[in-house]
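Chain by chain, the residues:
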Amino acid sequence: MTALASVRALLARRPYAFAALLTLTLLLIDIAVQPAFAAPSNWPAVLASFAPLACAAMASTPAILSGGGGIDISIGPVLTLVNIVIVADLLPNGLTSPLLVVPICLAVGAAIGAINGFMVAVLRFQPVVATLCANIVVGGLATQVQGGSVPTGSTGWTKDLAGSFGPVPGALLTIGAPLLIWVLLARTPFIKALYAVGGDDATAYSAGMNVPVVRIAAYALGGLYAGIAGIALMSLISEGAASMATQYTLLAIASVALGGTALSGGRGSLVGSLLGAGSIYLINNLLNEVNVSTLWSTAIYGALLLFAVVVGAVLTNTRRRTA
Amino acid sequence: MSDTALTDTPAAPETAGGRPPLVAQLSDWQRRFPLLQIVALVALYGYGLATIDGFGSHRVLYAILINASLLGLAGAGQTIVVLVGGIDFSIAAFISAGDVVIAELCGTYHWSVPAAAAVALAVGAAGGLVNGLLSFRFKVEPLIVTLGVSALVSGLLLKWINGAATGVTPAWLGDLTAANGTTFGLAIPPVVLIWALVALVIGLVLTRTRAGRHLYLTGVNQQAAKLSLVRVGRTWICAYVASAVLAVCVGILLAGYSGSGNVTVGDPYLFQSLAAVIVGGTMFGGRGDYWRTVLGALVLSVVALLLSAAQLPSAEQQMITGGLILAVVGLYGRERRLRDRI
Amino acid sequence: MNEQSQAERPAVLEAAGLAKAFGATRALRSCSLRMPAGEVHALMGENGSGKSTLVKILTGVHAPDSGTLTVDGRPVRFGGPAAAIRAGVMAVYQEVLVVGPRSVLENVWLGADGVFRRRVAEADKRSRAAAVLAELLEQVPDLDTPVEQLSLSDRQACGIARALVRGPKVLILDEATSALDVATRDRLFRAVARRKAEGMSVLFVSHRMDEVDAIADRVSVLRSGESVVTLDAAEATTAELVRLMTGSEHLAGASAADVAGRAPDPAAPVLLRAAGVRLHPGAEPVDFELRAGEVVGLAGLEGHGQDAFIKALWEGPPGEGSVLRTVDGTGAPIRSEQQAAAAGIGYVPRDRRAEALFGTMSIRENFSAATLRQDRRSGLLSRRAAQERFAPYRSALKIRMGRGSDPVSTLSGGNQQKVVIARWLARDPQVLLLNDPTRGVDIGAKRDIYALLAELTARGVAVVMLSTEVDEHIELMDRVLVFREGALSATLTRAELTRQSLVAAFFGRTVDEGPVSGTVAGPDAGPTTPALTPDGAA
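Protein chains in written order, with UniProt numbering: chain A, 1 to 323; chain B, 1 to 342; chain C, 1 to 538.
Next comes chain A alone, as it looks inside the complex (with noise of 0.2 Å):
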């Protein structure tokens, strides 16, 4: 009893315990099965691989934590929609430069989380609403921008984001961007803003906090991460993928509720959905290398998700469902 008590102490105090637990267990076994996972020249493919999920999971993060029944389901399309106008619009028009395609790309993102933002703290919609709405448009306009063939593509440093930028994997770049930002907006005032708004918006506006502002730019900072994960998978496969918007928001939502963040918001944290991802990646990567047949793959994760977040909930019980 003690034992179980004070384990949920620690899951209370930090809720991304469970999940980095589980992220470990998955990469000894993922090691044990197969030692040449952990081999560093196998590093940079693993990583890229992984990118995509781990910087969408990063993406749904900051809407679900605003509070207010926020979540973000359009992180999948606009991911989709970044990669495509990469693929198709940028690089065929000799638009190859990184210091264009980037800000490009993150100004897409965050423009769209913006206006999802606007619609839920100004317009008063229903988060599950706007962004369902958000996520029709959106994919209907990465289908559009994709044509009626799939459109590839790479150039030098996307393929360098896949692989490495000398010894540093391409990955930790696109992986490590979206905790960099987070961590340099720690230093303002806005992440408390963040969680306060989230935990309690009524007392946040009754205090003489900016409610919608702080909500807007949640959104547009989850859109801005969700260009990073459109560059990522861009980089990943070279080609456009509109049909992979829907399985991507899926996941993303998947790792941050497995990262211990309350869909209610107000409490949870960017490395807990990191590590959510993380345990899903390698869900994956084991049942592929322990040859299950791949036709398992699905009903297995969908098993471990159920699982894991059940055990999560005995575990911690501060996940209370808002009522």
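Don't read these hints as lab results, they were simulated from the structure. You may find that some hints are simply not true.
Stated by the list, open to error - Which chain A residues face chain B? A few, computed with CB under 8 Å, are given here:
1) 122
2) 124
3) 129
4) 132
5) 144
6) 205
7) 303
8) 314
These numbers come from a predicted model, not from an experiment. Cβ atoms here follow ideal geometry from the backbone N, Cα and C, with glycine treated the same way.
Starting from the known structure of chain A, arrange chains B and C on it as the hints suggest.
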């Protein structure tokens, strides 16, 4: 529901935050009756009649109705779950399950349709039970639980049929959803009548029975419902079971519609079922009813047909649909102002 | 301080002819208020008299439809709380507004910074928060503790500290003291007195005469959305204020006498028996018998077990012991609310909005929630049946309302409470458990509820009523069970019930040990886990 102010503010400002009387009156009507949705439906259909040749033909009407029937049936379960305060992201998987189970058991294993349907419905009931039990008992977000169950169900299906469905459904099942189908000699596709019947039953259950009222009470205020002797756990779980079973029924009909099994046949309904509920005006936690979802499904189907008649690329159709949903919802279904919650 | 000069000193805050309507409801008709610097100005009025609306206008939550507001002689128009706070007006509400998962420090400084720009240095924040909290709390909690781990009283202290650290010109305490324990409230009053000397003004909204007596310099009364009068505190006797607020003389009114005048029958059958109910592990078990026709009060300082006890009677004891239904003579134990209801027990919960009301549903649906079976006509629920069943309760309880299909949220608090009570009366209970039923209910509705008690007990219904108002216990109860530290500490019969004996019992004393006013200068109230998070929930 989380705020606990005990002082009374006279006349809740949420309905009438200082708006002119006419607007306040209209929004009061809208709250009681899906006025806007009916106006939108009539206007859209009228627009089609005025601008598109042959829009008034039986063929077009039936195409709209069949489409709306399938969407409306898929939205029925979502309506129930949304009313009780949850959300169901596993509807698509259960639709696929109904579709594949029927096609495989009847086509490949030569079972009779009733036996196959019984198996499919049992799968739905069991899956819904898992959804409801896990989300209620362990207080895990229903969104995540239903995503997990969804992956589990579609994964098992995929494994069972080894990646590709081979079964072919009996022809008479296809007649249920054929646009030129007849019901007891009437020139109405059977699926439309099935939908009408189901809508009548669900509508009555929701608004005129204890079980339905318990659903609303639980959705509006779970704690108060429990203290008012509603067995909230049972209500919650039953809602999820009903949702999954209804989704399986849609899958069975779709199996007839397409003639063969397909693991991804339910995928479009993941978001569309929610869209029908939202456009109809049912809100999370106890506001709305199934009649509204029926209207929502009809509106979405008319829009879809208008857009395809306009021969827009599917991407543009999708974007316009998204924008239209936003516009409709923006007119009636917005959250309370922060200032009204202090 | 010279009382005479107060009204003539320049006003820091002045409101003239404020009016505000919500749809057809005119919440505030014409309200004027003048507060010089360094004054504690009490604002009193029944619920629905417009106090909350006035406070929300002063803090920028609502914009007035007409009228003017000036701060330091300059006319202002607040676009939101942020603007009001910049002008120096800050409020603390009855509802404890804190962000649970965040730290004490963050909660105290909430809103002080911009979204991206820091306005107060981090180092300053710590020391200033600690200093203000030290004024309010006996022991300053670790500033990094999540605020949800504190007691309700300490959480409210954080909310008050949030206002104090910003150094407002006008501090509005909108029934903010109701969540505080006695000792913290006294420290708050001392802190207010110190700041008053430095020129801060306080608008003090409270229902409690003793608190108004303790700190107010002047008192303004609102009735039906209009300012009635402003008095010096010395003139503002309780009787006078009640008369001004309502136009009649007594708190409980004539109907209370009906309850008091009748003698309970000591030989009446026992309807409910609690045997060895332990409210906390380690606390003394409670034994209790409830007889037909009795009104039994439950009293004590917030969080000392009375709330847990009334819930134990409803859903079974939390730990050891048993609650036995003897209503039907079976003596079967009660383990769930379903069993309690089957045994003829009804329960009106404490927190109306969270536990009783279905806010978006109609009045009729709220009424019939627990008695749906009776509305069935040939298998389907009938609206007319519910309407017909509701009609007698509507007139008996004097529920003021429009149509039965209107949302229950359009009713005033008192009428909402009557609907909830009617929900249970419709089950024809033999035992009615009322958990603080008059909380946030205006005086008129309180009277109607008192009258109902008299009628119910005359019919042989037994009532157990938790109340936080001493006057209700004295005027209504046949006997009062006083709880202290999770156990029954005293039982006072009608003959023994006085203000003094009851308050003394709150603190575990008897009257003989000396007078304890308990209202302002009580001894330390011990570990108080207050009302809204009942025992053990923290």
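Hints, verified against the model:
no.	hint	in the structure
1	122	violated (10 Å)
2	124	holds (4 Å)
3	129	holds (5 Å)
4	132	holds (6 Å)
5	144	holds (4 Å)
6	205	holds (5 Å)
7	303	holds (5 Å)
8	314	holds (6 Å)
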